[in-house]
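Top to bottom, those sequences are chains A and B. Yeah, the first sequence ends on 331 if you go by the working numbering, and it's all consecutive. Yeah, the second sequence ends on 296 if you go by the working numbering, and it's all consecutive.
Derived by calculation from the structure, the hints in this document are not laboratory data. None of the values given here were measured: they were computed from a predicted structure. Using N, Cα and C, we set each Cβ at its ideal position, and we do this for glycine too. One thing to keep in mind: the hints can contain errors.
Straight line, CA to CA, 30 Å or less: simulated DSS-like cross-link-like pairs of lysine-lysine [unchecked claim]:
(1) K288/A <-> K136/A
(2) K121/B <-> K201/A
(3) K201/A <-> K11/A
(4) K136/A <-> K121/B
Here are some chain B residues pointing at chain A (derived, C-beta under 8 Å) [unchecked claim]:
(5) D2
(6) G111
(7) L122
(8) F260
(9) I266
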Amino acid sequence: MPAARTGPSPKLLLAVAVPAVLVLALLPTVIGLYQTELLIYGLTFAIAALGFNLLLGYTGLLSFGHSAYFGMGAYTVAFIVRDLHVQSMELCILGGLLSTLLISALFGYVCVRHTRIFFGILTLALSQVLWSLAFKFFWVTGGTDGIRVPRSSVTLLAGLLDFKGAGAYSRFVYAYYYYVLIVFLIAVAVMWVIVHSPFGKALQAIRDNETRASFVGIRVRRYRWIAFVISASFTGLAGALWVPLNGLTTPEILYWPFSGELVFMTVLGGFRTFSGPIVGAIAFNYLKVYAVASSQYWQLVLGCVLVVLVMVLPTGIVGTIGRFVAQMRRP
Amino acid sequence: MDTLAIQILNSIFYAAVLFLISAGLSLIYGVMRIVNLAHGTFYALGAYVSAWAVGSVFGAAAGGSWVLAGQLALLPIGALAIAAVGAVIEPTLLRPLYRRPEEYVLLITFGLLMILEDVMKLLFGGTPLSAGSIMDSMGSISIGRLLYPTYNLVVIGVGILAAIGLWGFVYRTRFGVMLRATSQDRRMASALGINVGRVYVQAFAIGCFMAGLGGAVVVPAQAAVLGMGVDALILAFVVIVIGGLGSLEGALVGALIVSFVRTAGIQFFAEVELAVLYLIAAAVLLIRPTGLFGRA
């Protein structure tokens with residue numbers, strides 16, 4: 001897919017990005033409370049998938065253990081709130097990022113020794129270590145009950161906004177939406193810079209041909225390790241943001257099917273494009289919520305979507321739209 | 001002393017079931033280079049089908065020896081049904097994807113997992129389904145001062161027979177030669193006139209049969225419940241990673257290691273029992289990526 005390599009022109013980029021940001025900023029005034037809440041979930045998952053795609057789309061490594069980093073971010077926030085009685089969300093995010101950074105530096109150091117299917121299984125095995133610990137050490141983690149993080153226990157912007165008393169729920173949703181949106185935009189900008197930097201180009205070179213990349217002097221294993229840590233940190237950031245919204249963190253987000261959902265989101269949007277995981281995560285979130293709401297057999301619905309997607313539209317939503325646009329432009 | 005004997009028997013029982021599941025997973029990987037994420041779900045589906053077949057023909061009550069014989073004869077239906085499912089899935093869903101990057105095949109098996117998990121819920125409902133009457137009517141034997149269910153010994157026997165059978169099949173028959181040839185070099189095998197497409201469908205069906213058989217033999221001892229497949233898959237992964245991806249001997253040794261560690265774990269270090277297993281798998285991948293018996 002050469003489209004990902006050349007990249008869109010700056011003009012086209014602005015023509016897409018500016019309206020998209022404006023729409024995201026204005027949407028809550030139109031769509032109401034519940035839809036806004038759904039969109040926050042979508043945006044947090046988008047950050048996670050964006051990070052995940054640095055490995056899959058740009059480095060060519062399929063991780064089947066990114067639930068570990070999402071869960072690490074989430075559980076760290078829960079511990080900070082519950083045990084250290086810290087209320088500031090900024091400190092919580094910082095803590096979540098730090099712990100994800102540490103654990104992914106360790107796991108990544110081990111995992112990047114392999115590629116392809118061995119890499120996938122290794123990431124899977126290590127993520128399940130964390131899951132089983134969260135599952136079994138119930139006096140620390142609450143076991144399957146998880147840890148509650150009520151929204152009244154966090155404050156935003158260093159204590160400027162708190163969510164106690166009457167109307168706290170709607171105040172929280174609207175404030176948190178813009179909070180997450182800003183973090184999301186920063187994350188997108190940072191990722192954009194990363195993948196278009198020499199470092200990002202080197203990752204793509206590794207993806208396309210490992211041997212040649214090492215011949216031109218790229219230290220393949222170290223680059224993969226750094227990519228792994230960055231990727232996991234984005235996912236950890238998403239986990240940290242997700243906790244106060246969800247109000248609860250359970251071992252389910254550490255269990256391997258959640259890693260599968262992250263892969264699903266990314267492929268749904270299209271992993272050969274920068275915006276694919278963002279679109280995919282938001283779309284997947286809506287898809288899952290409506291499937292769960294409309295049928296108890298929601299997994300069946302999602303599974304069929306995945307199968308059809310892989311068979312018919314392997315380039316995902318963004319890739320397919322891109323192809324359509326390219327065809328329309330041709331005289 | 002008696003307790004130790006029981007624990008050892010339990011470990012071997014558990015290893016027999018785990019071997020059936022992981023041998024199928026390993027066979028499919030060895031021949032087709034596919035990591036089948038739906039494999040655990042095939043195992044669960046096999047358990048459901050067998051329990052349903054036994055329950056709907058004979059009811060839940062324990063009967064005489066003729067009834068027992070009938071029930072035992074019905075158990076393999078689960079395995080056969082899953083083999084049939086596999087024989088349908090391979091040509092329709094997997095074959096179109098072999099030319100694409102391997103991520104897509106992995107994803108489609110993940111989609112299959114989601115679909116089949118709900119198909120089970122749809123067909124058999126949310127309540128556990130058991131064929132416990134078989135276990136009850138077979139009674140138990142005494143080991144020292146303790147009792148041990150006879151049926152568990154049957155399962156151990158099935159596991160041993162399956163290991164011997166599979167070994168003979170792969171290493172002593174003409175089809176086994178074709179299977180191994182395809183696994184080593186697909187193009188060469190195809191050039192020499194082997195119908196690779198047929199070998200693939202057969203290998204996949206046999207792998208599924210093993211998973212279904214695992215479910216079929218386990219269901220008189222443990223009821224089939226939703227989610228059992230997802231749990232089993234990860235343990236089967238640990239087994240084949242320890243033993244070596246694609247190796248049958250490896251699956252056998254891996255299953256024994258995992259089940260003995262697990263039994264010891266539950267006894268002595270229950271909190272980290274699962275974590276230890278995953279760490280062993282990770283350590284094996286690091287030190288010897290091909291596993292104990294795998295080839296590069």
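Each hint, compared with the structure:
Distance hint between K288/A and K136/A is fulfilled; the C-alpha atoms sit about 28 Å from each other, no more than 30 Å. Restraint check for K121/B and K201/A: the C-alpha separation of about 47 Å exceeds 30 Å, so the hint is violated. Of the supplied pair hints, the one linking K201/A and K11/A holds, its CA atoms being roughly 21 Å apart against a limit of 30 Å. Using a Cα cut-off of 30 Å, the hinted pair K136/A and K121/B holds, with the two alpha carbons roughly 27 Å apart.
A distance limit of 8 Å between C-beta atoms decides the matter here; for D2/B the minimum to chain A is near 29 Å, and the interface restraint is violated. Of the supplied interface hints, the one on G111/B holds, with its beta-carbon coming within about 3 Å of a beta-carbon of chain A, less than 8 Å. This hint holds: L122/B has a C-beta 6 Å from the nearest C-beta of chain A, less than the 8 Å allowed. The interface hint given for F260/B is violated, since its Cβ lies 18 Å from the closest Cβ of chain A, which is over the 8 Å cut-off.
Taken as an interface hint, I266/B does not check out: its beta carbon lies about 11 Å from the nearest beta carbon of chain A, beyond 8 Å.
When the structure is compared with the earlier hints, violations turn up for hints 2, 5, 8, 9 and for no others.
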